[in-house]
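J.: The primary structure of each chain is shown beneath.
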Amino acid sequence: MEKLIQEFSLGLFFWQAVLFIGLLFLLRKFAWKPILNAVNEREEGIRNALASAEEAKKEMQNLQADNEKLIKEARAEREAMLKDAREIKAQMIEDAKGDAKAEADKMISQAQAAIEAERKSAIADIKSQVASLSLEIAEKVVKHELSDKDKQLGLVEEMLSKATLN
Amino acid sequence: MYFCTDFKNTIYLFDMQRKTLIRLLSALVLLVCFASCGEKPTTTREERKEEVKEYVQHHLLDSHDFSLFSKTDASGEVHHYGFPLPVILWDGGLKVFSSSKFHHGETVAEVDGNYYKLEHAKIYKTDAAGTMTYDEDNHPTNEKPLDISITKGVFMMLLTCILMFLLFRSLAKSYAKNGGIAKGTGRFFEPIILYIRDDIARPNIGEKDYKRFMPYLLTVFFFIWFLNIFGLTPLGVNVTGNIAVTTALAVIVFFITTFSGKKDYWKHIFDPLGDGMPWFGKIFIYIILVPIEILGMFIKPFALLIRLYANMTAGHVVLGSLIGLIFIFQNWVGGTLSFGLAFAISLIEVLVALLQAYIFTMLAALYFGFAVEEHDHGHDHETEVAH
Numbered sequence: 001m002e003k004l005i006q007e008f009s010l011g012l013f014f015w016q017a018v019l020f021i022g023l024l025f026l027l028r029k030f031a032w033k034p035i036l037n038a039v040n041e042r043e044e045g046i047r048n049a050l051a052s053a054e055e056a057k058k059e060m061q062n063l064q065a066d067n068e069k070l071i072k073e074a075r076a077e078r079e080a081m082l083k084d085a086r087e088i089k090a091q092m093i094e095d096a097k098g099d100a101k102a103e104a105d106k107m108i109s110q111a112q113a114a115i116e117a118e119r120k121s122a123i124a125d126i127k128s129q130v131a132s133l134s135l136e137i138a139e140k141v142v143k144h145e146l147s148d149k150d151k152q153l154g155l156v157e158e159m160l161s162k163a164t165l166n
Numbered sequence: 167m168y169f170c171t172d173f174k175n176t177i178y179l180f181d182m183q184r185k186t187l188i189r190l191l192s193a194l195v196l197l198v199c200f201a202s203c204g205e206k207p208t209t210t211r212e213e214r215k216e217e218v219k220e221y222v223q224h225h226l227l228d229s230h231d232f233s234l235f236s237k238t239d240a241s242g243e244v245h246h247y248g249f250p251l252p253v254i255l256w257d258g259g260l261k262v263f264s265s266s267k268f269h270h271g272e273t274v275a276e277v278d279g280n281y282y283k284l285e286h287a288k289i290y291k292t293d294a295a296g297t298m299t300y301d302e303d304n305h306p307t308n309e310k311p312l313d314i315s316i317t318k319g320v321f322m323m324l325l326t327c328i329l330m331f332l333l334f335r336s337l338a339k340s341y342a343k344n345g346g347i348a349k350g351t352g353r354f355f356e357p358i359i360l361y362i363r364d365d366i367a368r369p370n371i372g373e374k375d376y377k378r379f380m381p382y383l384l385t386v387f388f389f390i391w392f393l394n395i396f397g398l399t400p401l402g403v404n405v406t407g408n409i410a411v412t413t414a415l416a417v418i419v420f421f422i423t424t425f426s427g428k429k430d431y432w433k434h435i436f437d438p439l440g441d442g443m444p445w446f447g448k449i450f451i452y453i454i455l456v457p458i459e460i461l462g463m464f465i466k467p468f469a470l471l472i473r474l475y476a477n478m479t480a481g482h483v484v485l486g487s488l489i490g491l492i493f494i495f496q497n498w499v500g501g502t503l504s505f506g507l508a509f510a511i512s513l514i515e516v517l518v519a520l521l522q523a524y525i526f527t528m529l530a531a532l533y534f535g536f537a538v539e540e541h542d543h544g545h546d547h548e549t550e551v552a553h
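Protein chains in written order, with my numbering: chain A, 1 to 166; chain B, 167 to 553.
Just so you know, the hints here were simulated from the structure itself, not pulled from any lab data. Backbone N, C-alpha and C define an ideal beta-carbon position, used for all residues, glycine too. Please note that the accuracy of each hint is not assured.
Said to hold, decoys possible - If the Cβ cut is set under 8 Å, some of the chain A residues that face chain B in the computed set are: (1) Leu10; (2) Gly11; (3) Phe14; (4) Leu19; (5) Leu27; (6) Phe30; (7) Met60; (8) Gln61; (9) Leu63.
With the sequences and hints as input, model every part of the structure.
T.: Okay, structure coming up:
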């Protein structure tokens, strides 16, 4: 202990304190602050980058999930559309069938009506032709009959004999 | 047949390598032999022992001139190689002169009509004849002027300061230049800086306060480490093994701890038991406890200064003695053994240089942590706020 006190040099103590404090302040201003700030900034940057990468990953996952959902929806929609189309097709066929049948019925009935009308007119025509023909025949017959006076007189006689006057 | 020639070739190659090695080794041995042969007849073993002891002791002390080595020529005259450093004295006025005036303590320096003598690295006021008076313990009783010379230690500290400033300034600049990434030597020092921040400052001081103490911790770590390493170079300047230097470092730790002490720190010293006991019970315990706590404030930095001083001095003494042993033995076995030991200890000392810097920084951080620590109620408050 005594040797230590003997060895103690006030000058060295003084210089050490002065130099060290000087160095401390100089380095603090010119070295440690910039260094620590730079390191902190870098670490902050790394942290941010990692966080944003994580964020991006999450976003990706979200997007993927969205995509999946969209695909599913699209598939369901397609299914529905196909189903609808099939139904519509069936409906249309059904409708067309009905329409066609109605149309056909209508046409048939029209045709029947036309046929009826035709037949009627034909019958009327025949009737008129038969009438005229009959008249002609009758005329001719009458003409022929009337040309034979004796016969006519005989006939009239006969007729008159049959008809009893009451 | 083929195998034979092959084998011969290998042997030949091996021989070639071995031959160069042997040649190198023999050259070394011859050199050493000549050197030792030249010294052998001059002194006896006892004298050499005394000489080595003196030399080691002298080496541990600070000195007023920067001597690289000294040599005794055939006529017994000692030649010193190195350069003088400025001596600054306060003796009724500032006195500045070159240490070459002392001629390594051999002559009395005369400045402005005052006479000064250098003895055991200390400057004493004396008369023209250089008479010294001693007390019964053989300590000089002459008047000592206030000596604030730029000694070898101060010179080395200045050098370290400049080196550190340039080194870390360039590191700071390289960050700005390279967009936050260190370049060059900074690549080596950056992990150390980060280590001090993440493994010394943060766990010991706490997230909230550690930033304030970072400049001090970094400065003290690199300052001690660099000076320790300089101490291991052949220049052999034992700065961190000087009690004045470690005292200054410890005093700074003491002041920082004391001035950054928060309410809890002082409460821990003056009221360590808190509300756990009624006041009349505490009085009797505190008569003993409080002085111990107050003493603890001083003992902590004192332990720091003694630890660093003792470790570095011990290292230098051991290394110096082992190297000295080579010159004491002056024979093959002892010389080789001492050399091997000195080499091993040197390697250990490189580790110790780092270790002591680490321990000093670590403990300083721990003491700062005690000073700024906030106890339970503080935490309760924080958690309340957090809730």
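J.: Now look at each hint and say whether the structure bears it out.
T.: Here is how each hint holds up against the structure:
{"no.": "1", "hint": "Leu10", "verdict": "holds (7 Å)"}
{"no.": "2", "hint": "Gly11", "verdict": "holds (4 Å)"}
{"no.": "3", "hint": "Phe14", "verdict": "holds (5 Å)"}
{"no.": "4", "hint": "Leu19", "verdict": "holds (5 Å)"}
{"no.": "5", "hint": "Leu27", "verdict": "holds (5 Å)"}
{"no.": "6", "hint": "Phe30", "verdict": "holds (5 Å)"}
{"no.": "7", "hint": "Met60", "verdict": "violated (28 Å)"}
{"no.": "8", "hint": "Gln61", "verdict": "violated (31 Å)"}
{"no.": "9", "hint": "Leu63", "verdict": "violated (32 Å)"}
Checked against the numbered hints above, the structure violates hints 7, 8 and 9; every other hint is satisfied.
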